[in-house]
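Taken in sequence, the protein lines are chains A and B.
Residues 337 to 614 (our numbering) make up the first sequence, in order.
Residues 23 to 467 (our numbering) make up the second sequence, in order.
Keep in mind that a hint or two might mislead.
Output of the computed footprint for chain B on chain A, the stretches with three or more beta carbons under 8 Å from beta carbons of chain B [claimed, not checked]: (1) 378 to 390; (2) 462 to 469.
Label-pair distances were calculated between CB atoms; the ranges are [what the hints assert, rightly or not]: (3) Gly422/A to Arg360/B: 54 to 62 Å; (4) Gly422/A to Met371/B: 37 to 45 Å; (5) Glu181/B to Glu480/A: 36 to 44 Å; (6) Glu480/A to Arg360/B: 36 to 44 Å; (7) Gly178/B to Ser497/A: 35 to 43 Å; (8) Ser497/A to Thr60/B: 40 to 48 Å; (9) Ala471/A to Ser78/B: 50 to 58 Å; (10) His391/B to Arg493/A: 35 to 43 Å; (11) Tyr383/B to Asp537/A: 35 to 43 Å; (12) Asp372/A to His391/B: 54 to 62 Å; (13) His391/B to His561/A: 53 to 61 Å.
No lab work stands behind these hints, which were simulated from the structure alone.
Just so it is clear, CB atoms sit at the ideal spot from N, CA and C, and this is done for glycine as well.
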Amino acid sequence: MSVDNWKTPTSPSVGSSGKEPIMLSIRNLHVSVEGDEILRGLNLEVGPGQVHAIMGPNGSGKSTLANVIAGHGDYLVTGGSITYLGRNLLEMPVEERAREGVFLSFQYPVEIPGLSTAQFMRSALNSVLQARGEAPVDAFDFMERAGRHLDLLEMDRSFLSRSLNEGFSGGEKKRNEVFQMAMLEPKLAVLDETDSGLDIDSLRIVARGVQALRTPRRSMIVITHYQRLLDHLVPDFTHVLAHGRIIRSGGRELVRQVEERGYGWLLEELPASAPAGA
Amino acid sequence: MFDSLSRSMESFHELLPYLPGSTLIHASRQRAMERFLTRGLPGRRDEDWKNTPLGSPPIHPGLAFLAGEGSAWREPPMLAGAFGVAFSGTAAARVLAPEQPDWLELGTIASVLEQGSHSHDLLSLLLQRPSSLEDSLDDLNTAYLRDGALLRVRSGAPENVVVHLLTGLPPGRDAIYGRHLVVLEPGTSLTLVEHLVSVDGAETGAFVNGVTKLYLGHGANLEHLFVQEVPGDASLVNSAHVWQGTESSYTLRSLLVGGALARLEARVQSSGPGTITDLRGLAMGRGQQLHDHFTLVEHAHEGGKSFQSFKSVLEHQSRSVFNGKVLIEPGATGVDARQGSRSVLLSDMATAHSRPQLEIYADDVKCSHGATVGELDQDAMFYLRSRGLSTGQARALMLRAFVADVLPGGLLETVPRGEDMQSTTALFSGPVHRWLERISKQEDS
Ligand SMILES: Nc1ncnc2c1ncn2[C@@H]1O[C@H](COP(=O)(O)OP(=O)(O)OP(=O)(O)O)[C@@H](O)[C@H]1O
Ligand SMILES: [Mg+2]
Numbered sequence: 337m338s339v340d341n342w343k344t345p346t347s348p349s350v351g352s353s354g355k356e357p358i359m360l361s362i363r364n365l366h367v368s369v370e371g372d373e374i375l376r377g378l379n380l381e382v383g384p385g386q387v388h389a390i391m392g393p394n395g396s397g398k399s400t401l402a403n404v405i406a407g408h409g410d411y412l413v414t415g416g417s418i419t420y421l422g423r424n425l426l427e428m429p430v431e432e433r434a435r436e437g438v439f440l441s442f443q444y445p446v447e448i449p450g451l452s453t454a455q456f457m458r459s460a461l462n463s464v465l466q467a468r469g470e471a472p473v474d475a476f477d478f479m480e481r482a483g484r485h486l487d488l489l490e491m492d493r494s495f496l497s498r499s500l501n502e503g504f505s506g507g508e509k510k511r512n513e514v515f516q517m518a519m520l521e522p523k524l525a526v527l528d529e530t531d532s533g534l535d536i537d538s539l540r541i542v543a544r545g546v547q548a549l550r551t552p553r554r555s556m557i558v559i560t561h562y563q564r565l566l567d568h569l570v571p572d573f574t575h576v577l578a579h580g581r582i583i584r585s586g587g588r589e590l591v592r593q594v595e596e597r598g599y600g601w602l603l604e605e606l607p608a609s610a611p612a613g614a
Numbered sequence: 023m024f025d026s027l028s029r030s031m032e033s034f035h036e037l038l039p040y041l042p043g044s045t046l047i048h049a050s051r052q053r054a055m056e057r058f059l060t061r062g063l064p065g066r067r068d069e070d071w072k073n074t075p076l077g078s079p080p081i082h083p084g085l086a087f088l089a090g091e092g093s094a095w096r097e098p099p100m101l102a103g104a105f106g107v108a109f110s111g112t113a114a115a116r117v118l119a120p121e122q123p124d125w126l127e128l129g130t131i132a133s134v135l136e137q138g139s140h141s142h143d144l145l146s147l148l149l150q151r152p153s154s155l156e157d158s159l160d161d162l163n164t165a166y167l168r169d170g171a172l173l174r175v176r177s178g179a180p181e182n183v184v185v186h187l188l189t190g191l192p193p194g195r196d197a198i199y200g201r202h203l204v205v206l207e208p209g210t211s212l213t214l215v216e217h218l219v220s221v222d223g224a225e226t227g228a229f230v231n232g233v234t235k236l237y238l239g240h241g242a243n244l245e246h247l248f249v250q251e252v253p254g255d256a257s258l259v260n261s262a263h264v265w266q267g268t269e270s271s272y273t274l275r276s277l278l279v280g281g282a283l284a285r286l287e288a289r290v291q292s293s294g295p296g297t298i299t300d301l302r303g304l305a306m307g308r309g310q311q312l313h314d315h316f317t318l319v320e321h322a323h324e325g326g327k328s329f330q331s332f333k334s335v336l337e338h339q340s341r342s343v344f345n346g347k348v349l350i351e352p353g354a355t356g357v358d359a360r361q362g363s364r365s366v367l368l369s370d371m372a373t374a375h376s377r378p379q380l381e382i383y384a385d386d387v388k389c390s391h392g393a394t395v396g397e398l399d400q401d402a403m404f405y406l407r408s409r410g411l412s413t414g415q416a417r418a419l420m421l422r423a424f425v426a427d428v429l430p431g432g433l434l435e436t437v438p439r440g441e442d443m444q445s446t447t448a449l450f451s452g453p454v455h456r457w458l459e460r461i462s463k464q465e466d467s
């Protein structure tokens with residue numbers, strides 16, 4: 337099946353009609369890292385334009401899920417499936433996922449001394465544009481596009497000439513992730529704690545930046561520990577991930593409940609030995 | 023063994039009449055050949071050659087070339103604004119400078135040799151050996167020395183003088199002996215570009231034994247760039263012998279890309295206090311190539327500073343060797359010597375040898391060294407690929423970042439074309455880009 341089939345606009349109403357093409361469908365996903373089973377039968381369905389928040393205790397497997405979606409080789413999928421726009425995502429190499437519109441905003445962006453942010457971003461953008469059948473950007477076009485997004489995120493142009501993430505503050509690294517997302521215009525963005533380590537003002541700027549990237553067709557999975565980001569970026573659905581599965585799903589009200597009460601009450605409601613799968 | 027020695031002496035005597043120089047010079051050649059034959063080519067028994075098997079390359083130059091019958095060649099374009107000397111290894115050196123200002127003397131070594139006692143001072147500079155030298159290649163070079171560039175920068179010279187020394191290697195398996203003599207008078211500066219190519223870009227299996235003698239006067243400033251991109255399975259051994267006067271500064275940037283076996287030696291000796299020495303090099307190996315950087319920095323005076331950084335990127339079964347010796351002699355107090363080597367292996371069949379050696383006989387000195395060998399960082403690879411870059415592209419970008427700081431002026435962002443090619447930065451960027459271009463097209467994971 338060709339991906340192009342899904343580009344045809346269908347119903348403009350978002351997340352309501354069952355006829356919407358599914359952006360991402362995760363079924364009974366089992367993932368191990370170095371022999372430990374981290375995800376144990378996770379299910380998640382994301383429609384076009386939907387924003388799903390994922391919360392959960394430290395070490396529950398949120399980043400594992402994000403990394404598996406992006407294709408990190410350290411994570412071994414031992415069962416289940418992930419379908420992205422009708423294709424088997426798990427069979428696609430990392431770069432192909434990115435070229436087809438999957439984007440991960442890293443919880444811990446990697447520093448690469450000596451590689452300028454501009455050079456990296458221009459190469460990445462051109463790979464993605466080429467995959468979309470669009471013309472590559474020259475240095476001038478690139479600066480123009482980059483400039484617009486940097487302004488929105490209140491980032492100085494000098495970021496472009498600095499080595500990628502090297503010596504960036506925690507907040508600057510997160511802004512740089514959102515900047516990359518803006519440049520690459522993904523169909524599905526997974527934001528892994530993009531709000532962590534941001535001061536109040538930065539959080540507002542980053543949230544506004546991400547909100548500006550929200551479109552009726554672009555889907556987002558937002559992993560966070562805090563309500564603050566979700567005040568700006570209101571989710572359509574909220575999930576709590578624990579023990580390797582989604583143990584509770586709800587609307588935006590679930591965010592406030594978690595913020596107020598923590599996870600204890602949800603974990604207590606689980607059956608003593610939770611069966612894997614849904 | 024004895025047989026082959028006497029045959030070598032015979033060959034030498036046959037060739038001697040065709041070599042430039044007076045009887046005096048020929049007597050020196052004869053003695054050098056005798057010394058060489060007693061010792062033979064460096065081999066595994068020599069500590070400094072342990073990981074660099076030179077084997078037995080053809081050592082006698084071809085008669086046709088010595089007789090000057092080698093064909094002229096079309097030199098590649100010289101660097102913009104540079105004075106040049108081209109030496110094809112098969113024909114006499116040619117000075118490529120329309121007119122010479124009074125602050126620059128540019129000539130050929132053949133003419134120094136022919137003038138005999140008239141150029142006594144130059145001759146002794148040309149034949150001086152660094153005290154650290156143990157092997158016999160310098161002797162072999164003296165015995166068969168054909169030609170090279172003579173270069174003297176006099177006071178009154180502007181700051182940005184560039185001299186481009188181009189050596190073109192002929193196709194085939196000839197032995198090529200060149201020697202350059204470079205003298206910087208006190209307070210002068212020079213960018214010296216030594217550039218080894220093959221004639222008309224053809225593959226060559228030549229054996230090159232090249233020596234460059236460099237003398238820096240008080241406060242002189244030399245930037246020495248060495249680029250070697252020779253196609254084919256040549257064996258290339260080049261040595262820079264440097265004498266640094268008080269408060270002079272010597273910078274070396276070396277790029278080894280071609281040949282089957284290529285070695286660059288830098289033997290730097292201080293002849294006064296306050297010297298600054300900055301040596302950096304990059305080897306890019308593939309197939310069965312072996313690239314070797316050998317350095318010896320001898321601090322014999324107070325307050326010298328030396329910095330060394332050598333890197334290699336290795337594919338397939340290629341090898342790199344770095345031998346870095348720092349010698350701090352008694353009385354050379356306040357010396358600061360730093361050294362590091364880093365290698366990236368792109369295949370598990372590639373090997374990098376690194377051997378730092380510090381010998382310190384003085385007090386109050388700062389010394390450090392470090393060596394790392396590894397693969398490209400997997401988290402960084404994943405990060406780049408997650409932005410849409412192929413494995414090859416991601417590797418090439420990471421390698422670009424890795425190599426940039428050992429190249430003069432860094433690495434240009436794209437492959438230099440047209441007029442941009444004629445800068446020293448472009449001269450280094452070109453071969454590096456061509457190498458990385460290949461990596462970036464690789465599609466495995
Ligand atoms: N590469 C890895 N190697 C070994 N263990 C790993 C690796 N990645 C994750 N884990 C383990 O898997 C479990 C889940 O980790 P994960 O990073 O997915 O948690 P998380 O929900 O994102 O936590 P946090 O909220 O702290 O970011 C942890 O126990 C962690 O130690
Ligand atoms: Mg995490």
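Tested hints:
1. 378 to 390: That given contact is violated, which follows from only 0 residues of the region 378 to 390 of chain A lying within Cβ reach (below 8 Å) of chain B.
2. 462 to 469: Answer holds; 3 residues pass the 8 Å Cβ test.
3. Gly422/A to Arg360/B: 54 to 62 Å: holds, 57 Å
4. Gly422/A to Met371/B: 37 to 45 Å: Because 42 Å falls inside the window, the suggested range holds.
5. Glu181/B to Glu480/A: 36 to 44 Å: Distance hint for Glu181/B, Glu480/A holds at roughly 38 Å.
6. Glu480/A to Arg360/B: 36 to 44 Å: About 43 Å separates the Cβ atoms of Glu480/A and Arg360/B, which means 36 to 44 Å holds.
7. Gly178/B to Ser497/A: 35 to 43 Å: Given about 39 Å between the Cβ atoms, the range holds.
8. Ser497/A to Thr60/B: 40 to 48 Å: Violated, at about 58 Å.
9. Ala471/A to Ser78/B: 50 to 58 Å: holds, 56 Å
10. His391/B to Arg493/A: 35 to 43 Å: Between His391/B and Arg493/A, where Cβ atoms are some 39 Å apart, the hint holds.
11. Tyr383/B to Asp537/A: 35 to 43 Å: violated, 59 Å
12. Asp372/A to His391/B: 54 to 62 Å: violated, 40 Å
13. His391/B to His561/A: 53 to 61 Å: violated, 45 Å
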